[in-house]
Amino acid sequence: MKKTVTVNLGGSIVTLEEDAYSILSGYMSRLERHFANDPGKQEIIDDIEHRMAELFRENGKDEKFVNTSQDVNRVIKTMGEPGEIGDAEPNSTNKTNTHYTMPGYKRLYRDSDNRILGGVCSGLGAYWNVDPILLRILFIFLFFGIGTGFLLYLILWIAIPKAVTLTEKMEMRGEPITAENIGKNYTSTQK
Amino acid sequence: MNAENSKAQMRKGVLELCILSILSRGDSYASELINKLKEAQMIVVEGTLYPMLTRHKNAGLLTYRWEESPQGPPRKYYSLTDKGKEYLTDLDQTWEELINTVNAIRTNAA
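Chains as they are written, first to last, in the working numbering: chain A, 1 to 191; chain B, 1 to 110.
Rather than coming from a laboratory, the hints here were simulated on the basis of the structure.
In silico EDC-like cross-links for lysine to aspartate or glutamate, where the CA-CA straight-line distance does not exceed 20 Å:
{"id": "1", "chain 1": "A", "residue 1": "Lys77", "chain 2": "B", "residue 2": "Glu32"}
{"id": "2", "chain 1": "B", "residue 1": "Lys57", "chain 2": "A", "residue 2": "Asp47"}
{"id": "3", "chain 1": "A", "residue 1": "Lys3", "chain 2": "A", "residue 2": "Glu17"}
{"id": "4", "chain 1": "B", "residue 1": "Lys38", "chain 2": "A", "residue 2": "Glu81"}
{"id": "5", "chain 1": "A", "residue 1": "Lys162", "chain 2": "A", "residue 2": "Asp113"}
{"id": "6", "chain 1": "B", "residue 1": "Lys76", "chain 2": "A", "residue 2": "Glu43"}
{"id": "7", "chain 1": "B", "residue 1": "Lys12", "chain 2": "A", "residue 2": "Glu84"}
{"id": "8", "chain 1": "B", "residue 1": "Lys57", "chain 2": "B", "residue 2": "Asp27"}
{"id": "9", "chain 1": "A", "residue 1": "Lys77", "chain 2": "B", "residue 2": "Glu39"}
{"id": "10", "chain 1": "A", "residue 1": "Lys64", "chain 2": "A", "residue 2": "Glu18"}
{"id": "11", "chain 1": "B", "residue 1": "Lys76", "chain 2": "B", "residue 2": "Glu32"}
{"id": "12", "chain 1": "A", "residue 1": "Lys77", "chain 2": "A", "residue 2": "Glu32"}
{"id": "13", "chain 1": "B", "residue 1": "Lys85", "chain 2": "B", "residue 2": "Glu97"}
{"id": "14", "chain 1": "B", "residue 1": "Lys38", "chain 2": "A", "residue 2": "Asp47"}
{"id": "15", "chain 1": "B", "residue 1": "Lys38", "chain 2": "B", "residue 2": "Glu16"}
{"id": "16", "chain 1": "A", "residue 1": "Lys77", "chain 2": "A", "residue 2": "Asp46"}
{"id": "17", "chain 1": "B", "residue 1": "Lys57", "chain 2": "A", "residue 2": "Glu43"}
{"id": "18", "chain 1": "B", "residue 1": "Lys76", "chain 2": "A", "residue 2": "Glu58"}
{"id": "19", "chain 1": "B", "residue 1": "Lys57", "chain 2": "B", "residue 2": "Glu16"}
{"id": "20", "chain 1": "B", "residue 1": "Lys38", "chain 2": "A", "residue 2": "Glu58"}
{"id": "21", "chain 1": "B", "residue 1": "Lys7", "chain 2": "A", "residue 2": "Glu84"}
{"id": "22", "chain 1": "B", "residue 1": "Lys12", "chain 2": "B", "residue 2": "Glu97"}
{"id": "23", "chain 1": "B", "residue 1": "Lys57", "chain 2": "A", "residue 2": "Asp46"}
{"id": "24", "chain 1": "B", "residue 1": "Lys36", "chain 2": "A", "residue 2": "Glu58"}
{"id": "25", "chain 1": "B", "residue 1": "Lys12", "chain 2": "B", "residue 2": "Asp90"}
{"id": "26", "chain 1": "A", "residue 1": "Lys77", "chain 2": "A", "residue 2": "Asp19"}
{"id": "27", "chain 1": "A", "residue 1": "Lys77", "chain 2": "A", "residue 2": "Glu58"}
{"id": "28", "chain 1": "A", "residue 1": "Lys106", "chain 2": "A", "residue 2": "Glu168"}
{"id": "29", "chain 1": "B", "residue 1": "Lys36", "chain 2": "A", "residue 2": "Asp47"}
{"id": "30", "chain 1": "B", "residue 1": "Lys38", "chain 2": "B", "residue 2": "Asp27"}
{"id": "31", "chain 1": "B", "residue 1": "Lys12", "chain 2": "A", "residue 2": "Glu81"}
{"id": "32", "chain 1": "B", "residue 1": "Lys76", "chain 2": "A", "residue 2": "Asp46"}
{"id": "33", "chain 1": "B", "residue 1": "Lys57", "chain 2": "B", "residue 2": "Glu86"}
{"id": "34", "chain 1": "B", "residue 1": "Lys57", "chain 2": "B", "residue 2": "Glu67"}
{"id": "35", "chain 1": "A", "residue 1": "Lys77", "chain 2": "B", "residue 2": "Glu4"}
{"id": "36", "chain 1": "B", "residue 1": "Lys38", "chain 2": "A", "residue 2": "Glu84"}
{"id": "37", "chain 1": "B", "residue 1": "Lys76", "chain 2": "A", "residue 2": "Asp47"}
{"id": "38", "chain 1": "A", "residue 1": "Lys169", "chain 2": "A", "residue 2": "Asp131"}
Here the structure is a predicted model, which means the values were calculated and not measured.
Take the sequences, apply the hints, and build the full model.
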């Protein structure tokens with residue numbers, strides 16, 4: 001059993017297995033890098049995507065067909081690696097690596113998926129990258145030891161919003177909010 | 001020395017002439033061009049074609065229009081511009097000369 005990913009490739013819907021998708025997106029970013037400084041970059045890549053979608057269609061007949069890593073490798077072989085395709089525009093001085101990801105924007109939420117009481121400790125744990133158990137022990141200690149622990153917990157419970165939507169849950173863990181991650185999180189909640 | 005490499009270089013040099021010649025006989029879209037070029041063993045990987053088309057279009061030698069296709073999304077139909085026709089005439093002439101002189105050298109008649 002494998003997860004599938006659906007992508008828009010040059011205006012066509014293509015369904016891929018997850019590992020096939022990561023091969024494809026690796027290839028696309030190699031192309032992006034190769035043509036990074038080419039004035040016709042976007043157009044070249046759009047055309048290539050267009051053609052790849054056509055090749056996938058010839059293979060699978062319709063968009064419900066799930067392409068495996070084998071299918072993707074075959075299409076990539078037909079299109080060629082950037083080195084085989086030919087040189088990027090001569091005046092281009094290829095920057096080494098223009099690929100970067102947006103750092104995840106982290107926010108404090110209550111984590112209701114891993115909660116014991118209100119999800120305060122699991123939320124704080126996600127925010128500080130600490131095992132929530134340590135925080136729970138600390139709160140229990142504060143509760144019995146000093147007595148203000150429960151009040152503090154209540155205040156935090158009221159003050160910190162619960163992570164409800166997928167985006168909020170991803171912000172809580174500091175994951176970059178990209179289509180790929182949303183897809184992953186979505187499919188894993190569906191299980 | 002690798003003969004395969006030299007052969008690839010030769011084909012690469014005349015690929016432009018082939019593409020423009022096909023288009024001079026009528027408008028065409030990328031996958032049709034690919035089929036013809038593959039049949040003639042002019043290209044090994046399909047990706048080669050796209051940077052070439054885009055560059056010639058940006059240089060004003062080619063232009064394209066979108067046309068519906070019987071299956072799948074619309075296709076880009078490329079056609080030669082007047083500038084492209086002139087350019088091709090120029091290349092054609094050079095090709096003729098090249099064939100003659102190269103053959104002359106090969107058969108030692110020069």
